[in-house]
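Heads up: the protein sequence lines correspond to chains A and B, in order.
Take the first sequence: its letter number 32 is residue 32 in my numbering, and every next letter is one higher.
Take the second sequence: its letter number 145 is residue 145 in my numbering, and every next letter is one higher.
Just so you know, the hints here were simulated from the structure itself, not pulled from any lab data.
Using N, Cα and C, we set each Cβ at its ideal position, and we do this for glycine too.
Keep in mind that the hints are not guaranteed to be accurate.
Computed spacing ranges between beta-carbons, pair by pair [to be verified]:
(1) B:Ala6 with A:Glu58: 49 to 57 Å
(2) B:Pro60 with A:Ala411: 42 to 50 Å
(3) A:Arg55 with B:Ser4: 55 to 63 Å
(4) A:Ala106 with B:Gln42: 40 to 48 Å
When the alpha-carbon atoms are kept at most 27 Å apart in a straight line, the in silico DSSO-like pairs for lysine-lysine are as follows [what the hints assert, rightly or not]:
(5) A:Lys162 with B:Lys5
(6) A:Lys372 with A:Lys15
(7) B:Lys5 with A:Lys233
(8) A:Lys372 with A:Lys162
(9) A:Lys232 with A:Lys372
(10) B:Lys5 with A:Lys13
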Amino acid sequence: MNSATLENLDAPKHKDLVNEKIVLWYFLAALTYMFISMLGGILMAMQLVHHNPIRGIEWLSPGRWRMIHTNAIAYGFLANAFLGAIHWAIPRLTFRPVLSVFLSWAIFFAWQAIVLSTAVGIIIGQAQGLEWGETPVWIDPVALVGLLLLMVNFMPPILRAKGPQYVTLWYFMAMFVWTPLTYAMGNFIPQYIAPGTSGGAIAGLFIHDLVGLFVTPLGWGLMYYFVPIILKKPIWSHGLSLVGFWGLAFFYPLQGIHHFLYTPIPMFLQYGAVIATVAIEFVVATVVINFFVTLWGSGRMIVQNVPLRFFYTGMVYYFITCFQCAMQVTLTFQELIHFSDWVVGHAHLVMFGVFSQWLLGMMTYLIPRIVKRDWYSQTLVEWHFWLSAVGVFVMFLDLGLAGVFQGYWWASLQSWDVSVDGSYPFWMIRLVAGLAMFGGQCCFVYNIYRTMSGPQTETAPSGNLATAS
Amino acid sequence: MFESKAGILLVGGLGFFVFAFVSNAVVPILMYQHMPEQTAEQVVNANLMYQVEDLQRRYPEPFKKYVGEKPTTENVAAMLRHGRDIYVGEGCWHCHSQYIRPVSNESKRWGPVARSVEYQNELQRPVMFGTRRVGPDLSRESGRRSNDWHAVHFHHPKTVSPNSPMPAYPWFFDNDNPSEPNRRGLALMTYIQWLGSWLEVSPTYENYQPLPDVEVKAP
Chain A
1 MNSATLENLD APKHKDLVNE KIVLWYFLAA LTYMFISMLG GILMAMQLVH HNPIRGIEWL
61 SPGRWRMIHT NAIAYGFLAN AFLGAIHWAI PRLTFRPVLS VFLSWAIFFA WQAIVLSTAV
121 GIIIGQAQGL EWGETPVWID PVALVGLLLL MVNFMPPILR AKGPQYVTLW YFMAMFVWTP
181 LTYAMGNFIP QYIAPGTSGG AIAGLFIHDL VGLFVTPLGW GLMYYFVPII LKKPIWSHGL
241 SLVGFWGLAF FYPLQGIHHF LYTPIPMFLQ YGAVIATVAI EFVVATVVIN FFVTLWGSGR
301 MIVQNVPLRF FYTGMVYYFI TCFQCAMQVT LTFQELIHFS DWVVGHAHLV MFGVFSQWLL
361 GMMTYLIPRI VKRDWYSQTL VEWHFWLSAV GVFVMFLDLG LAGVFQGYWW ASLQSWDVSV
421 DGSYPFWMIR LVAGLAMFGG QCCFVYNIYR TMSGPQTETA PSGNLATAS
Chain B
1 MFESKAGILL VGGLGFFVFA FVSNAVVPIL MYQHMPEQTA EQVVNANLMY QVEDLQRRYP
61 EPFKKYVGEK PTTENVAAML RHGRDIYVGE GCWHCHSQYI RPVSNESKRW GPVARSVEYQ
121 NELQRPVMFG TRRVGPDLSR ESGRRSNDWH AVHFHHPKTV SPNSPMPAYP WFFDNDNPSE
181 PNRRGLALMT YIQWLGSWLE VSPTYENYQP LPDVEVKAP
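Please put together the full structure from these sequences, using the hints given.
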């Protein structure tokens, strides 16, 4: 989309469409939760290497903070950052503002209340026994209402826009349907309707759909939006983006049970989940190919443009995780690596390496435009990128290797202590990698702070390469 | 259909989701329909009662204070429910699994492979399968360790397991003293002693011999 052609059109102006303030507030809230989440992760990592400085304080127990770690990243960081980004992208794509700015702010504050009370509920020991959904049961219905309000606020501009729609909006539309359904299914059925094994099958669907039907469509939708804008050329193949969307829509919901292979869940369902998982890797390949062919000929921009570098690094990591997925989902592989740190490494590469990095890239791109100031320090922007990207990849390799060792130690019937003691060096490296990632975010936050307290630039920021569009 | 709003919303959004839900969630629910869900009272069994009586003998004062004069089906069931809430709230299930797989020698290490019927009770709402083992599986834990071992272990794992990375839980005890478990400590021990107590053979001990040290000689 070329800004010159846009200006010639009789199109609504940016300032009438996008409420920049709310985008910024969402980003700042997201970063706050990123901080909290990382502190929880570091606490657990220190516990594992026998260096937890805090003992005997109930509210700082590593077991509880491990749940804060995952919930703060999913509902605090990812959800907030995505909401900020779609407050920018959807009005600009549809040429229509959201239904109501008042509702936007109401949702913003309601969502912060939901995430904060989730954290408090977990800290005081009221977690729900559902992985990635430890939100205490009394908050679940409120969160569901929040998700429905989001749909009410964002669907009108999409539905009112005329003519064929861009792939980004397909992902968003479907996501607005999938997310409340997933949330209700996962939080209510295993708790109130189906106990035991069948509830376990649904808990698996929930874990997976949360990533696949909430985070992934938002992530790819925004990639289809921001990458062509930064590269100043359209996505290579519209047809392939169709394959990607419909492949995801069909295969993703069918995979959840692969989180519980070799449980008493009926075997034919386990096979089905495995097949659907392998199938989606082909779909993923088409999406990634589409983006890399789009990049073809503009490769140098990755060197200069940090947001773009975040995006494409995320895509490489995405391809790696998905490729890994196709292997680790097989029953043969599961024998060895299930229950081990391999899975933890995989989860970090997806949640941080891919989606968080995409969002951090979007923030790096949007924040200077919103606050109308160049980045205070280009060096810090670079540090943020490298510490995040390298940190998470080291963690991924380290935990993957640890997982293979753990799997063999367990299967060879050695005493349990052998696997715990043997993991020590891996856990040490993981702690260092985690601290590096944490350091990266500190650079970013400090940079934002200095940028925002610096003088405003007259023109839109453009001299700075990190923000060059 | 592929690019229309109605197609995306109804077929992609709703249709495929419902298809997956029916095939992956409704099917197992229907398959297990004939297996009635048991209440906490119904899963109290003789092995568990034996362990709870042992708790009462070892910790008479705390038991009287937090549970009652003597163990009954009702107060043991209440302890199971409370114990499960603590197990969930403390995140034990993120370090311990509760199912034995038919592979990787797990049945040698822990005992019989998991079966659906074991999970068809209110204490598995939501099910505590778990996805990560930092510590060992606990679904066959009943009777493998004595109650005082558990008490000391929860109070400070390194006392009995020197290199344990498991967190300490001094708030399960009064006066920071492992011989004075409070309501939470007693409930959690009851819950842990319940895990696997329903099996025909319980407790199950590791029935394998440690590998002999093999000396490798240079060729």
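How the hints compare with the structure:
For alanine 6 of chain B paired with glutamate 58 of chain A, a C-beta distance near 53 Å keeps the hint of 49 to 57 Å intact. Between proline 60 of chain B and alanine 411 of chain A the Cβ separation comes to about 44 Å, which falls inside the hinted range of 42 to 50 Å. Distance hint for arginine 55 of chain A and serine 4 of chain B: a CB-CB separation of about 60 Å, consistent with the stated range 55 to 63 Å. Here the CB-CB span from alanine 106 of chain A to glutamine 42 of chain B is close to 46 Å, well matched to the stated 40 to 48 Å.
Among the hinted pairs, lysine 162 of chain A with lysine 5 of chain B is consistent with the structure: their alpha-carbon atoms are about 10 Å apart, no more than 27 Å. Between lysine 372 of chain A and lysine 15 of chain A, the direct Cα distance comes to roughly 13 Å. Compliance with the 27 Å bound is thereby established for this hinted pair. Proximity of lysine 5 of chain B to lysine 233 of chain A is assessed by CA-CA distance (about 25 Å); at most 27 Å being required, the pair is judged to hold. For the hint pairing lysine 372 of chain A with lysine 162 of chain A, the CA-to-CA distance comes to about 32 Å; that exceeds 27 Å, so the pair is violated.
At most 27 Å may separate the alpha-carbon atoms for a hinted pair to count; lysine 232 of chain A and lysine 372 of chain A meet this at roughly 21 Å. Distance check on the hinted pair: lysine 5 of chain B and lysine 13 of chain A sit about 25 Å apart at the alpha-carbon level, within 27 Å; holds.
Of the numbered hints listed earlier, the single one contradicted by the structure is hint 8.
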